[in-house]
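Novice: Residues per chain, in single letters:
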Amino acid sequence: MLQIQCPYCGVRPESEFAYGGEAHIARPTDPSTLNDDQWAEFLYMRTNTKGVHAERWRHARGCNRFFNALRDTTSDRFLAFYRTGEPRPVLAGGKP
Amino acid sequence: MQRYSALSIFHRGLSGHESWRPQWRRAAPKAAYDAVIVGGGGHGLGTAYYLASVHGLTNIAVLEKGWVGGGNTGRNTTIIRSNYLFDESAALYNHALKLWEDLSQVLNYNVMYSARGVMMLAHNVHDVQVAKRHIHANRCNGVDNEWLTPEQAKEFCPPLNISDNIRYPVLGAALQRRGGTARHDAVAWGYARAADALGVDIIENCEVTGFRKDAHGAIEAVETSRGLITTRKVGVVAAGNTSAVMRLADVRLPLESFPLQALVSEPVKPAFPCVVMSNTIHAYISQSDKGELVIGAGTDAYTSYTQRGGLHINTHTLDAICELFPMFRRMQMLRNWGGIVDVTPDRSPIIAKTPVKGLYVNCGWGTGGFKATPGSAHVFAHTIANDEPHPINAPFNIERFRDGFLIDEAAAAAVAH
Amino acid sequence: MADTTPTRIPASLIDARRSPVVTRRDWLQPLAPRARFTLRGGADARRAAGAAFGLVLPEDACRSAATPTRAALWLGPDEQLLLGLETDTASIQEGLEQALRGIAHSLVDVSHRQTALEISGPHAEAILNGASPLDLSLSAFPVGMCTRTVFEKADVVLWRPRADTFHIEVWRSFTDYVSSLIAEIGREYYPGDGRAA
Amino acid sequence: MSAFRTATGGRIDRSRVIEFEFDGVRYTGLAGDTLASALLANGVHLMGRSFKYHRPRGVLGAGAEEPNALVGVWRDEARYTPNLRATTVELYAGLKAESQNRSPSLTVDKGSVNSLLSPFIPAGFYYKTFMWPKGAWKSLYEPAIREAAGLGRAPRLADPDRYGNRHAHCDVLVIGAGPAGIAAARAAAAAGASVILCDEQAEFGGSLLADPTAEIDGQPAAQWLAASLAELSAASRVTLLGRTTAFGYFPHNHVGLNQKLTDHLDKPAEGAIRERLWQVRASQVLIAQGAIERPLVFPGNDLPGILLASAARTYLNRYGVRVGEQIAVVTAHDAAYQTAFELKAAGAGIAVIADVRADVDAALLEQAAGLGITVRRAATVLGTTGKLRVTGLVLGSVSGEAVQAGDTIACDAVIMSGGFTPSVHLHSQSRGKLEWQPALGAFVPGEAAEATLSAGACRGVFGLAAVLNDGAAQGAAAATAAGHGAGVRTYQASEAARHGGGFLGALPQPGGKPGKKAFLDWQNDVTTRDIALAIREGFVSVEHVKRYTTNGMATDQGKTSNMNALALVAATLGKPIPECGLTTFRMPYTPVTFGSFAGYSRGDLFEPVRRTAIHDWAREHGAVFEDVGAWKRARYFPRGGEDMHEAVNRECIALRHGCGIFDASTLGKIEVVGPDAATFLERLYVNSWANLKVGRSRYGILCREDGFVYDDGVIARLAEDRFHVTTTTGGAARVYAFMEDYLQTEWQDLRVWLTSITEQYSVIAVQGPNARRVLEPLIEGVDLSATALPHMGVATGRILGVPMRLFRVSFTGELGFEVNVPADYGRAVWEAIFASGESHGIVPYGTEAMHVLRAEKGYIIVGQETDGTLTPDDAGLGWAIGRQKADFVGKRSLARASMQTADRKQLVGLRTVDPAVVLEEGAQIVDSPGQTPPMRLIGHVTSSYHSAVLGHSIALAVVRGGRARLGHTLYVPMPEGDIPVTVTSTVFYDADGARLHG
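Protein chains in written order, with the numbering used here: chain A, 1 to 96; chain B, 1001 to 1417; chain C, 2001 to 2197; chain D, 3001 to 3998.
None of these hints come from the bench; they were simulated from the model. Worth double-checking, as some hints may not be accurate.
[Stated by the list, open to error] Residues from chain D that face chain B, not an exhaustive set, calculated with beta carbons under 7 Å: (1) Gly3150; (2) Pro3155; (3) Arg3162; (4) Arg3166; (5) Pro3576; (6) Glu3579; (7) Leu3582; (8) Arg3586; (9) Met3587; (10) Phe3597; (11) Asp3867; (12) Ser3898; (13) Ala3948.
[Stated by the list, open to error] Label pairs and their computed distance ranges (CB to CB): (14) Ala3835/D with Gly1298/B: 43 to 51 Å; (15) Pro1158/B with Glu3401/D: 53 to 61 Å; (16) Leu3157/D with His24/A: 50 to 58 Å; (17) Leu3140/D with Arg1021/B: 38 to 46 Å; (18) Ala3202/D with Pro1022/B: 29 to 37 Å; (19) Ala3895/D with Leu79/A: 49 to 57 Å; (20) Thr2069/C with Ala3202/D: 36 to 44 Å; (21) Leu79/A with Gly1142/B: 28 to 36 Å; (22) Lys3267/D with Pro1158/B: 46 to 54 Å; (23) Arg1021/B with Ser3103/D: 24 to 32 Å; (24) Gly3485/D with Ala92/A: 42 to 50 Å; (25) Arg3619/D with Leu79/A: 47 to 55 Å; (26) Val1054/B with Ala3964/D: 39 to 47 Å.
Think of the CB as a built atom: it goes at the ideal place given N, C-alpha and C, for glycine as much as any other residue.
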């Protein structure tokens, strides 16, 4: 069970959270202007990063807030936690 | 190829087994191949075998970044069944099931396919409806699957707790008698040996690091940790690592990779005759030939490539097993392990051409790829050889996500009211 | 929004207003019915509501403010659980609605949505840790801390009003589960208690 | 007392004699014994049979590493536990144990024929045979193999014992309470850190328990141990957990511990917890698991009576047991000498010390000579004699590459040492790297992946003083890392044993060939020849060797075998050991009981049983319940011996002619409040909401972004800024999460807040032509007339004085109301309505009648008619879509060409040609009769019932291009033949809705 740092409540066990998939995939403001390929890209295509992954979590059984995290999917180590709407942090060493 | 039989073991046993040769050669990569398969698991090795045996393509190589069969092939719970709901799925998995039935003889390698029966439990009215829908659809598709009352289920699987004193009593079960298990390592090794015998190079410790495309964007070479390999056809069968490999060719896929854990108990004398699965209680169990209870459950919640997961997955899997089989409460977990399963949005695989000419992909098997191994390999080989999908895998294309023609086994099974 | 206080409820009905049955023990008690409101909104809503409620609603995460008869529990940056005496339900609601007029917010009566249990005594932490994965030591979970959290397979709000006492707010249909589970865990410490009825 | 028990010494309680049974024979032991030590004290070495060849086996070790002595233990039939290591089973009065994997008995085992056949059943033989005739694998070979395989037998009865669980946090978790662990725990505790110290054994002390002569800080080690433990016990922030194995290292310093609480007790208290799973989250994990002695690999090394030297020392010094009368020692390590000396002092004869090394410390040789013990250097072992017990050791001598045969030394026990393998299991489980230390011939922990430290022998530090000081230093470092600065203290210590030497692989044999029956993995019967065969057949990766030979895959997980096998692989391939790599260490460290993972979760605690406030009334009135998610819902209310169909028919007719009352409390309810609430619903649901008036409600449909129906429910507007949204029972939690997702991450501009009110209200549906008459007398402040409260009208008022939200809605097609009252009043209000309704023919009805009634009206149930692949239009709900809306969730997907095609599966009604035939739900549909598999399937039956009111069966189905097939005949192919059906409208009853608007 991972330990996750909710930006509001602090460090909590994973069982309080719901994983929300890849972060920074904004819903298009006007979906009707997208062609089917572009829409499928929004719906389904994911980077599935092997490495530093920006992802959403919701403190579903806590403060109920969505937030984002950077996690290395090759070690499951979290590298940053940040609130929804904030830009993806630049990690030390310039790794995006 | 050295034929395997009881007699050959006896003969060679008399001379201390000194005369056995390697089951497959330790090949070094050549500069060029007619086709290259990326991924030395069951699906990839099988693909190479069928390319060679069915399509006559023998100047081919299988590239494996680690050791053959070391990925999900060697990490799964070995369940084989074909009782899927949608016609497309039933056709694919049943194609595989037919190949399983004489795979040992075809490969001259005992893969220990054992049709012990796969029983899927229903615990509520919705489960019963879903099970019946499967059974009817399967019957009409020529796939065996039958309904058992709780008493019949208990007769088929004596350890099953069908009393009312459990949280979700068993209301019945769908049984596929032809379903069962096989020996996972043997599948990889058997295909490797048979492919090797047909001239296929199986190259371990060889990681793909890039693709080269020609002026028209078609594949012309694969860059590897062991040098450049020229080829016009590449089939990627890299399971959990597919996204990473395909990214090297700038192909994006609707995939996410999750950790999936499984475990075995200590070996005991025969105590469990079949495979039992429960979607509602979230667990599945069988007993291996060695005597271990083989148990699996759902994935961890998050994407990961670590091949490990949380303790809570184990507690939730085993409380389900103990609820259904309370006599196993004193059994002991011997070994737990993790794999990386690549999951598509509709939980059905992709076996298809890609936007890149000469590049083919076979992925997205999620938690259930082992059972499809021979069928998947067979139709993927067809796709690579002909540059056109086999009718069976035609629906399992990438475009279905754009066009909305999903083959949504998960949604069909798991919506509650 | 309707006034939710019964005006002429027959006595039999008032008696009926009881939480799901929990076997009473020295260390595990069901708490009496109480007034509960979920307030969601911004700091302006919290300021206004606090003034009417008679408390400064906590701005710090997972902290509470309390008087002998009322409490405000921070459940999220935009969510507070307000607790009061059952008999004050109507007056609390009126007061809050009046104070919040013109301020964007959501105030919802959840008095009957959940029940409350009190677990106390020297083993309270250990018993709770039979199902709660949180660090409940006083340094990590000090007096006054509150949080929504997971309790094995149920969601609860856990609040520590005193060092040796926790209150568990739980949705009513999970009360049986949570109280039975606590009783089951507690058997180790209170072997005579048996399992919850 | 037996001849093998020493007169004095050991940590057993000689005043407490304990009776026990092994294979039906009664023995006695002493309090403090393990089953293994007690049997050894009785001269019993033969304790088990191996997995494959059924070879007779004695104990090899004295602890968790034991591969041979596996036994079944039971107090009663329901508490039968197979495969326990006799070396870790603590003796209690009346213990019953039996050996395993033998038939009919341990001394005479039919299966031992496998040993004779061993030349013909080498590693992996089963992959090469049993293939003919096809089908024989399952019917013939597999059953035989299964019967022969397995170890013990599975328990047959439900386990009555209880299991517990505890989550815990600490600054420093110290795993292993030997000298390193204790020194570490003391250091961390002294610094103010909170500490959990666990050890798998009954007694803390580790190696100190078997070393009577060691001294620490000038006092005997036993005294130091007692004082240290007293100090730790007294410390308030230290938790000591004995009989507690750290079995698994999970991500983010989450460690699973298994604590055994009752297995050692004569009579566990009724209801006592047998085992507890500790789930520990530690800031720092300090591993002090020590090292495990390696056996030496030589022909015949598996006979009973051959065991590890360290085990013999433990049996002697901790349990007061000599493992034999005349003991031969084979060693490549100094420590075995001390064991020999101590055994000699305890009265055993030492037949020989055969040292593999040519160069041996002169002091040891001198000491041996002084005791009259012969030492052979540069020795090797060519074989052993004996059948059920070792009787002799065939020695050889090594000179360069040459091996000379030597003499046979008579003995009744052989103790051996190949040196010690640091226990890097947990470090490796945590994904920490391992480093090869050539000087030690061992892997030790390298770079950590988590906040992990190791101390003492498990990281290659040997010698008591060094181990203590390493423990103290690492303990202080762990405390510091956890935020408690600590100074480092040092210990003075002395011990008799020395710590030089070691050997990996197989002892040299004549001709450089692997000898016969030289075992690497005792339990799985893997020999040096199997390894050679695997490599010959091309299995050169260590993982392949492991899988092909099964080396290291037994219940001991290779604790004694992995390093020797690896060395053999490396030697055969001519590669350095570190280049061959090590197989992965997998959780658990030692086998862990399933029940301890399950903990309290069983029966009603397996998952919450959710009951409504009206549940008890329903139960008292004979309801039969069904599980819907975690809820219990009343399915039907049988009267006087009715079966379900009779009850449902009666309930339906009573409702359509009079009135029915239904508990709809489980439906999800969300209060959506805020100035932008209407805008929010407008964006989310497919329907229009802006134009919904206060006091009115509307049936809403929610799609996912992929355009498929996700949920549905009635949504009422209570105020301009307040909506009462209902969801399906199963959808409550996920719709709430879905809404929060859009609010928090996509539409942060909206001022809207959600509150779940599912459980705030009891929802009582009162349906039927008499519904108004039933409710009217009870209600205040609401005019129930059709004009004041028309269909889909919503009002607030009071019922019996209780505040109420009243919905004029119908899921039956009749005049209907849903009364929402605060849940604590639910039952009382229900009873009052029921009483009021008795003169109007009211009946309670359950979910089954509800399903029939709604199907008669063609109302869908999400999850039954829909399955995640149907669009609103497919489900016949296209009318609900707000056509003017620029966007809503799913709209773009619905615009794809594939969503518009005429052959999509569409919801239709079906009538069977024979009105008495009720189709089976899930049955498939074809458009021509007489098809054979594979058929062209065009749809399936989603709902099917007998309609008592209509007097015929009805069904809903999804059919390709269904709406264009209205009036067509289709076929439902069943095993008994095709059932012809006619495609109809989905509405079977009251098509113009007159009753609804009554």
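Novice: Indicate, hint by hint, whether the structure satisfies it.
Specialist: Evaluation of the provided hints:
1. Gly3150: With Cβ-Cβ at 3 Å, under 7 Å, it holds.
2. Pro3155: Cβ of Pro3155/D sits 5 Å from chain B, so the hint holds.
3. Arg3162: Status violated, d = 10 Å.
4. Arg3166: violated (12 Å)
5. Pro3576: violated (16 Å)
6. Glu3579: Interface hint status for Glu3579/D: violated (12 Å vs cutoff 7 Å).
7. Leu3582: Because about 14 Å separates Leu3582/D from the closest Cβ in chain B, which is outside the 7 Å limit, the hint is violated.
8. Arg3586: Since the shortest Cβ distance to chain B is 5 Å, the answer is holds.
9. Met3587: holds (5 Å)
10. Phe3597: holds (4 Å)
11. Asp3867: Holds, about 5 Å.
12. Ser3898: Holds - the Cβ of Ser3898/D comes within 7 Å of chain B, reaching about 4 Å at its closest.
13. Ala3948: violated (20 Å)
14. Ala3835/D with Gly1298/B: 43 to 51 Å: holds (48 Å)
15. Pro1158/B with Glu3401/D: 53 to 61 Å: Cβ of Pro1158/B to Cβ of Glu3401/D: about 59 Å, so the range 53 to 61 Å holds.
16. Leu3157/D with His24/A: 50 to 58 Å: Check passed, 55 Å falls within 50 to 58 Å.
17. Leu3140/D with Arg1021/B: 38 to 46 Å: Distance hint for Leu3140/D, Arg1021/B is violated at roughly 29 Å.
18. Ala3202/D with Pro1022/B: 29 to 37 Å: Distance hint for Ala3202/D, Pro1022/B is violated at roughly 49 Å.
19. Ala3895/D with Leu79/A: 49 to 57 Å: violated (39 Å)
20. Thr2069/C with Ala3202/D: 36 to 44 Å: violated (53 Å)
21. Leu79/A with Gly1142/B: 28 to 36 Å: With a Cβ separation near 52 Å, Leu79/A and Gly1142/B fall outside 28 to 36 Å, so the hint is violated.
22. Lys3267/D with Pro1158/B: 46 to 54 Å: violated (32 Å)
23. Arg1021/B with Ser3103/D: 24 to 32 Å: With a Cβ separation near 38 Å, Arg1021/B and Ser3103/D fall outside 24 to 32 Å, so the hint is violated.
24. Gly3485/D with Ala92/A: 42 to 50 Å: violated (26 Å)
25. Arg3619/D with Leu79/A: 47 to 55 Å: Holds, since Arg3619/D and Leu79/A (Cβ atoms, about 53 Å apart) stay within the stated range.
26. Val1054/B with Ala3964/D: 39 to 47 Å: holds (42 Å)
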